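Protein chains: 2
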Amino acid sequence: MQKYFNRIDLSGLDQRFRANLINSVGGFKSLCLIGTADKECQTNLAIFNSIVHLGATPPLMAFIVRPDTVERHTLNNILETGVYTVNHVSESFYQKAHQTSARYKKSQSEFNETGITAEWKADFHAPFAQQSSIQMGLEFRQRIDLLINQTVLIIGEIQHLFFPDNCLCTDGFLDIEKAGTITCSGLDSYHKTNRIQRLSYAKPDKLTLPVPLEYQKEG
Amino acid sequence: MQKYFNRIDLSGLDQRFRANLINSVGGFKSLCLIGTADKECQTNLAIFNSIVHLGATPPLMAFIVRPDTVERHTLNNILETGVYTVNHVSESFYQKAHQTSARYKKSQSEFNETGITAEWKADFHAPFAQQSSIQMGLEFRQRIDLLINQTVLIIGEIQHLFFPDNCLCTDGFLDIEKAGTITCSGLDSYHKTNRIQRLSYAKPDKLTLPVPLEYQKEG
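Just so you know, the protein sequences line up as chains U and Y, in that order.
If you number the first sequence the way numbering that gives the first Met the number 0 does, the last residue is 218 and the count never jumps.
If you number the second sequence the way numbering that gives the first Met the number 0 does, the last residue is 218 and the count never jumps.
Just chain U, with the same shape it has in the complex (with noise of 0.2 Å):
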């Protein structure tokens, strides 16, 4: 049976209630955790489900900061710095991930309180995440916000970019599934993915097929 809610049902829920139902309805989600540090290099992590795709040249991604929440430590720290990582979350370690958007003190950092290692490399002024299979960091380009919620866009340049290289196709995708990246929903459930199929580039006059296999193979 299909239910259906308008938007007067929707103001009339229960905050939590709503909240859930809301953040389920955008769909899967990007899981990753952003790494920092301030000027003194103490280190924050903190798992984030709004990353998003700007474009490949240059290679831009932003997210979402939400307003008055433990992501705002995030958000001083690349102010501060200009600098921050974005790592994938396997299943080996999405409890840990998870347990990073508890409200600690801007001096507890949460590698130490979950078990994540902080990772320095490339002379980068941000911790990475070790245990996470793919890793970049970021330089921080623009900050714009959106006054419609009070929510802030972050949009940085990936400057580096670690991989598994038995992950990468011929045609440079990237497989994350076989690098054990997960997704998650709403705002607490966390899902392995399937492969269906990747499909070949779209024309008006011809069917959808498969990628051709020789693209599909490690490069």
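In short, the hints are calculated from the structure, not lab data.
Heads up, a few of these hints could be off.
All copies of an identical chain are treated as equivalent in the list; a pair is satisfied when it fits inside any one copy or across any two copies.
[What the hints assert, rightly or not] Derived DSS-like pairs (lysine-lysine); straight-line CA-CA distance at most 27 Å: (1) Lys216 to Lys191; (2) Lys38 to Lys105; (3) Lys205 to Lys105; (4) Lys191 to Lys177; (5) Lys104 to Lys120; (6) Lys177 to Lys205; (7) Lys105 to Lys177; (8) Lys177 to Lys104; (9) Lys105 to Lys120; (10) Lys120 to Lys202; (11) Lys202 to Lys2; (12) Lys120 to Lys2; (13) Lys38 to Lys120; (14) Lys177 to Lys120; (15) Lys105 to Lys216; (16) Lys104 to Lys38; (17) Lys216 to Lys202; (18) Lys216 to Lys205; (19) Lys120 to Lys205; (20) Lys38 to Lys216; (21) Lys105 to Lys202; (22) Lys120 to Lys216; (23) Lys216 to Lys177; (24) Lys191 to Lys202; (25) Lys104 to Lys216; (26) Lys38 to Lys177.
It should be emphasised that the depicted structure is a prediction, and the values quoted were computed from it without experimental measurement.
Go by the hints and put chain Y onto chain U.
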């Protein structure tokens, strides 16, 4: 073996290779069809993987429109009528959904060309995708031009929400996996999901635990 690309390596890659790679590293993405119509009720349907949750009160979501793509028909219709639908994609019609990304002419409706059924309801001037188990009708709220790479962020507010009632849990979480929603990675890879676990709200001094089963029951 871990492979490493720095910023210079990335800019030296073949354009298509880089597009595949950078589109992959953002993680798994929300996969939705956006339905629109112009003032003359000429319909359009386009696949997007950049939906992002902005907030629950009011219920806002955003997505990115890329420059010079077929997605521009979507943007033009939204600006013309002020409304659009967001529809989840299931395994049963993901090939049709992918096919909507072909460069059809403005006079061709992707509904007709791909065999996805336009559904008119809730007195709304935008078509829903009948095959979708989760459908939303949104009112346009704001356009933000991201000058850094000529993409556009579109913000809308949910006015209508349709979903299978056996997928709604007692705490408001909507089980989109049970509803058949799939996810995507890169530009062309489609994936089913398998839930690992829902985890309870994280607190600094407590271990993260699964969400109690009573909240996971259907409402």
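Here is how each hint holds up against the structure:
no., hint, in the structure
1, Lys216 to Lys191, "both (22 Å within a copy, 21 Å between copies)"
2, Lys38 to Lys105, "within (13 Å within a copy, 53 Å between copies)"
3, Lys205 to Lys105, "between (56 Å within a copy, 18 Å between copies)"
4, Lys191 to Lys177, "both (11 Å within a copy, 14 Å between copies)"
5, Lys104 to Lys120, "within (26 Å within a copy, 49 Å between copies)"
6, Lys177 to Lys205, "neither (30 Å within a copy, 32 Å between copies)"
7, Lys105 to Lys177, "neither (35 Å within a copy, 39 Å between copies)"
8, Lys177 to Lys104, "neither (36 Å within a copy, 37 Å between copies)"
9, Lys105 to Lys120, "within (23 Å within a copy, 50 Å between copies)"
10, Lys120 to Lys202, "neither (43 Å within a copy, 30 Å between copies)"
11, Lys202 to Lys2, "neither (36 Å within a copy, 34 Å between copies)"
12, Lys120 to Lys2, "between (51 Å within a copy, 13 Å between copies)"
13, Lys38 to Lys120, "within (17 Å within a copy, 55 Å between copies)"
14, Lys177 to Lys120, "within (24 Å within a copy, 41 Å between copies)"
15, Lys105 to Lys216, "neither (45 Å within a copy, 37 Å between copies)"
16, Lys104 to Lys38, "within (17 Å within a copy, 53 Å between copies)"
17, Lys216 to Lys202, "within (24 Å within a copy, 43 Å between copies)"
18, Lys216 to Lys205, "within (24 Å within a copy, 44 Å between copies)"
19, Lys120 to Lys205, "neither (47 Å within a copy, 31 Å between copies)"
20, Lys38 to Lys216, "neither (43 Å within a copy, 47 Å between copies)"
21, Lys105 to Lys202, "between (52 Å within a copy, 15 Å between copies)"
22, Lys120 to Lys216, "neither (30 Å within a copy, 45 Å between copies)"
23, Lys216 to Lys177, "within (12 Å within a copy, 32 Å between copies)"
24, Lys191 to Lys202, "between (31 Å within a copy, 24 Å between copies)"
25, Lys104 to Lys216, "neither (46 Å within a copy, 34 Å between copies)"
26, Lys38 to Lys177, "neither (36 Å within a copy, 46 Å between copies)"
Consistency note: the structure conflicts with the earlier hints numbered 6, 7, 8, 10, 11, 15, 19, 20, 22, 25, 26.
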